[in-house]
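Taken in order, these protein sequences are the chains called A and B.
The opening position of the first sequence corresponds to residue 1 in the numbering used here, with each subsequent residue numbered one higher.
The opening position of the second sequence corresponds to residue 1 in the numbering used here, with each subsequent residue numbered one higher.
Simulated from the structure, these hints should not be mistaken for laboratory data.
Computed from a predicted model, the values in this text were never measured in an experiment.
There may be inaccurate statements among the hints.
[To be verified] To give an idea of the chain A side of the interface with chain B (calculated C-beta under 10 Å), a few residues:
no. : residue
1   : 4
2   : 31
3   : 33
4   : 56
5   : 58
6   : 64
7   : 66
8   : 67
9   : 68
10  : 70
11  : 114
12  : 117
13  : 120
14  : 128
15  : 132
In this text, a Cβ means the ideal position worked out from N, Cα and C, and glycines have one as well.
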Amino acid sequence: MDLKKLDDVIDRHRKEKGALITILHDIQREDGFIADEAMTHLSDRLKLPLSEVFRTVSYFGHAFTLQPRPAAHAVKVCNGTACHVRRGAEVMSELKETVEKEGAEALCRLEAVPCLGCCTAAPAVEIDGKLLDREAAKMTIIKLKSEK
Amino acid sequence: MKIESAQELNKLKDAGEKLLLPGGIRIQVGTSRCGVARGAQEVVAAFEKELTAQGLEGRVVRVGCIGMCHEEPLVEIVMPGKPKLTYGGITAELVPALLKSLAKGKPQKKNLLYRTNQETLAVNGRAFTYAAKTPAEIKSIPAAEDSDFLKPQLRIAMRNAGAIDPMNIEEYAARGGYAALLKAVTQMKPEEIIDTVTKANLRGRGGGGFPTGRKWQACREAHGTHKYVLCNCSEGDPGIGMHKSIIESDPHGIVEGMIIGGYAIGAREGYIYLHHGNPGAKEKLQHAIDQAYEYGLLGDNILGSGFSFSLTLKEGAGGYVCGESTALMATLEGRAGEPRPKYIHTAEKGLWDGPTNLNNVETWCNIAPIIMRGAEWFSAIGTKTSAGTKVISISGNVNTPCLVEVPMGTPIADIIALGGGLPSGSTLKAFQLGGPPAGILPADQAGIALGFDELAAAGSLLGSGGLIVMDQSTCVVDMAKYFLSFLEKESCGRCVPCREGVKRMREVVEGISIATGKEEDIALLNELAECLSSASLCDLGKSAPQVVVSTLRHFMDEYQTHIVQQVCPAKRCSM
Numbered sequence: 001m002d003l004k005k006l007d008d009v010i011d012r013h014r015k016e017k018g019a020l021i022t023i024l025h026d027i028q029r030e031d032g033f034i035a036d037e038a039m040t041h042l043s044d045r046l047k048l049p050l051s052e053v054f055r056t057v058s059y060f061g062h063a064f065t066l067q068p069r070p071a072a073h074a075v076k077v078c079n080g081t082a083c084h085v086r087r088g089a090e091v092m093s094e095l096k097e098t099v100e101k102e103g104a105e106a107l108c109r110l111e112a113v114p115c116l117g118c119c120t121a122a123p124a125v126e127i128d129g130k131l132l133d134r135e136a137a138k139m140t141i142i143k144l145k146s147e148k
Numbered sequence: 001m002k003i004e005s006a007q008e009l010n011k012l013k014d015a016g017e018k019l020l021l022p023g024g025i026r027i028q029v030g031t032s033r034c035g036v037a038r039g040a041q042e043v044v045a046a047f048e049k050e051l052t053a054q055g056l057e058g059r060v061v062r063v064g065c066i067g068m069c070h071e072e073p074l075v076e077i078v079m080p081g082k083p084k085l086t087y088g089g090i091t092a093e094l095v096p097a098l099l100k101s102l103a104k105g106k107p108q109k110k111n112l113l114y115r116t117n118q119e120t121l122a123v124n125g126r127a128f129t130y131a132a133k134t135p136a137e138i139k140s141i142p143a144a145e146d147s148d149f150l151k152p153q154l155r156i157a158m159r160n161a162g163a164i165d166p167m168n169i170e171e172y173a174a175r176g177g178y179a180a181l182l183k184a185v186t187q188m189k190p191e192e193i194i195d196t197v198t199k200a201n202l203r204g205r206g207g208g209g210f211p212t213g214r215k216w217q218a219c220r221e222a223h224g225t226h227k228y229v230l231c232n233c234s235e236g237d238p239g240i241g242m243h244k245s246i247i248e249s250d251p252h253g254i255v256e257g258m259i260i261g262g263y264a265i266g267a268r269e270g271y272i273y274l275h276h277g278n279p280g281a282k283e284k285l286q287h288a289i290d291q292a293y294e295y296g297l298l299g300d301n302i303l304g305s306g307f308s309f310s311l312t313l314k315e316g317a318g319g320y321v322c323g324e325s326t327a328l329m330a331t332l333e334g335r336a337g338e339p340r341p342k343y344i345h346t347a348e349k350g351l352w353d354g355p356t357n358l359n360n361v362e363t364w365c366n367i368a369p370i371i372m373r374g375a376e377w378f379s380a381i382g383t384k385t386s387a388g389t390k391v392i393s394i395s396g397n398v399n400t401p402c403l404v405e406v407p408m409g410t411p412i413a414d415i416i417a418l419g420g421g422l423p424s425g426s427t428l429k430a431f432q433l434g435g436p437p438a439g440i441l442p443a444d445q446a447g448i449a450l451g452f453d454e455l456a457a458a459g460s461l462l463g464s465g466g467l468i469v470m471d472q473s474t475c476v477v478d479m480a481k482y483f484l485s486f487l488e489k490e491s492c493g494r495c496v497p498c499r500e501g502v503k504r505m506r507e508v509v510e511g512i513s514i515a516t517g518k519e520e521d522i523a524l525l526n527e528l529a530e531c532l533s534s535a536s537l538c539d540l541g542k543s544a545p546q547v548v549v550s551t552l553r554h555f556m557d558e559y560q561t562h563i564v565q566q567v568c569p570a571k572r573c574s575m
């Protein structure tokens, strides 16, 4: 995001008190990460110490990243309590196996997330925002690879 | 259109009634998380296509969560003068035949779960009638109010969930919405409202169970002109999604409750903290806020009363600890969500140092019905010390995970039964109600009645109400390790007892789980637990050892088996 565009984002949230996190969400959504230049500019414009901006970005590691996230497809395995009780850890290792077998490491980013909020489907998996069970998740990974 | 009088609110209500009870077919498809996962969007598309293809007059409405996650995609059919029909497991392929049967006036019995002739609206106690009589052809279908799933329930916070289009303020009004706000700001003094909430004996649904009326009173009396009311929708607990579900089903219920709270406390500004990563909930809540502004229910001079109130939705950026009040406020201020010591209570100095009142989603949803029906009505529900109902999400080793709302005082075992009980061959070993701070209780405690004090007496917590059922295939050492790993990751790192203590406890428990445990580990765990609960800065650290303390108390044998015989009876630990 160039600085002019960033200024537009800042102006859009001018009325909001304590808008730093809201603005960071916008940058992350647009760019996929928070660049150094963006943090410096935010510090100037919002009159916040650069250390404070950096602290906020780095504190919320789930939401903001300092570098672009590598793979295109997010494979989220639910690690909530219900999914853990219903052996979510096994699903994680099975999907890891599938990804390795298919050679889809560069294509899929496997991550364990706190709770997908769909305990009926436990153990639940979400690929690119779509909720799946373990078999469907494996099929999707294979399909993603073959389409590539 | 700005609403400024009871007549104008009535007009909104009438418009909504025409939508809820239309001349043609109204098809309600549950499109919350579980529904969409099972193909609800395709079902909506199929109905829309078939309505045109069969030349029928009708409308497909995306509603929220009815609660029976296992029967998704759920479809409810409203036709003029007919009982409402609830169908479960309707996939897109089943749509054409279902619509044909409805058009012929002979609704198919397949997938038909039950019928509803009449409902009592929880917000005002009035009847909402679909049909006075039951047509002969569906007489054999059980009535909803007699079903095993709905009979034990009383839905107050979830009163509109699954019944209305969450994006439509008219439908909310048609089911008695915003009448409580009108009553509050035009007929009641702020003190009277606080008095009603206090007498109703409503206690905070977020976990602590602090009396809501007293909390409001403290904030009202606090010095400072700029006060705030906040809604906590952090829901960072690993394993519950009920607040998301309430927001996605009935966002206006929260908005109405908060405006009433703002009026009672003397606040002019409100903020909703929404956990990061809920695009659906965010969209619906923002839409509800925008609509409320449009109709003059938010902004200046609400309903012509002279009271002004603004409401802003803010998305957090993750973090379990951000559900803690001071960390939540730091996040709302745009800073890193770290808790601070509470020498000065947030009712005195909270958000931007102003007196602040924080309640969670479920608490706010209870306000409008209390205002409409009075303190006596509410306090008569539930038990003496825990009035009202509680929303419970049931998951883990049960047949049919679901979302229910039951009166306080319902035994835990009955709630497990609402989740379809345990699968055959499974026996109840333990359960958890209320997230990591609640610890784990053994099966023989399942007779406990749902309530703040009842659970506290058992050394647990009602918490936010996520019930996790565990059968004999779970291992308590593994569960302790699981929760400690979660809390270790989520510790903000500000205070040493939590940052270091949780990590050490996790290492010790992990040692036990991989057969390197020693006899003296038990004493070490107890010592660490003592240190954490007395010296941590906030409740995350203070309650972190609870899962170890409770399992040591109830399942010491299992720890001993791991340590002495180096065997995991449930075969969960890699030994």
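Structure-based check of each hint:
Interface hint at residue 4 of chain A: violated, since its Cβ lies 23 Å from the closest Cβ of chain B, which is beyond the 10 Å cut-off. For residue 31 of chain A, the interface hint is violated, since its Cβ never comes within 10 Å of a Cβ in chain B; the closest pair sits about 16 Å apart. Hint on residue 33 of chain A is violated. Least Cβ distance to chain B is approximately 14 Å, over the 10 Å limit. At its closest, the beta carbon of residue 56 of chain A sits 5 Å from a beta carbon of chain B; the interface hint therefore holds under the 10 Å criterion.
Annotation: residue 58 of chain A was flagged as interfacial toward chain B, and the flag holds, the nearest CB pair being 8 Å apart, inside 10 Å. The criterion of a C-beta within 10 Å of any C-beta in chain B is met by residue 64 of chain A, whose closest approach is roughly 7 Å, and the hint holds. Checking residue 66 of chain A against chain B by beta carbon gives a least distance of about 14 Å; that is not within 10 Å, so the hint is violated. With its C-beta approaching chain B no nearer than about 17 Å, residue 67 of chain A sits outside the 10 Å limit, and its interface hint is violated.
At a threshold of 10 Å, the smallest CB-CB gap from residue 68 of chain A to chain B is about 18 Å, leaving the interface hint violated. Given the 10 Å rule on beta carbons, the hint for residue 70 of chain A is violated: about 19 Å separates it from the nearest Cβ of chain B. A least Cβ separation of about 5 Å between residue 114 of chain A and chain B falls short of the 10 Å threshold, and the interface hint therefore holds. This hint holds: residue 117 of chain A has a C-beta 3 Å from the nearest C-beta of chain B, less than the 10 Å allowed.
Annotation: interface hint on residue 120 of chain A holds; nearest CB of chain B at approximately 4 Å, less than 10 Å. For residue 128 of chain A, the shortest C-beta to C-beta distance to chain B is roughly 13 Å, which exceeds 10 Å, and the interface hint is violated. Because the beta carbon of residue 132 of chain A sits about 8 Å from the nearest beta carbon in chain B, less than 10 Å, this interface hint is met.
Going down the numbered hints, you'll see the structure goes against 1, 2, 3, 7, 8, 9, 10, 14, while the others check out.
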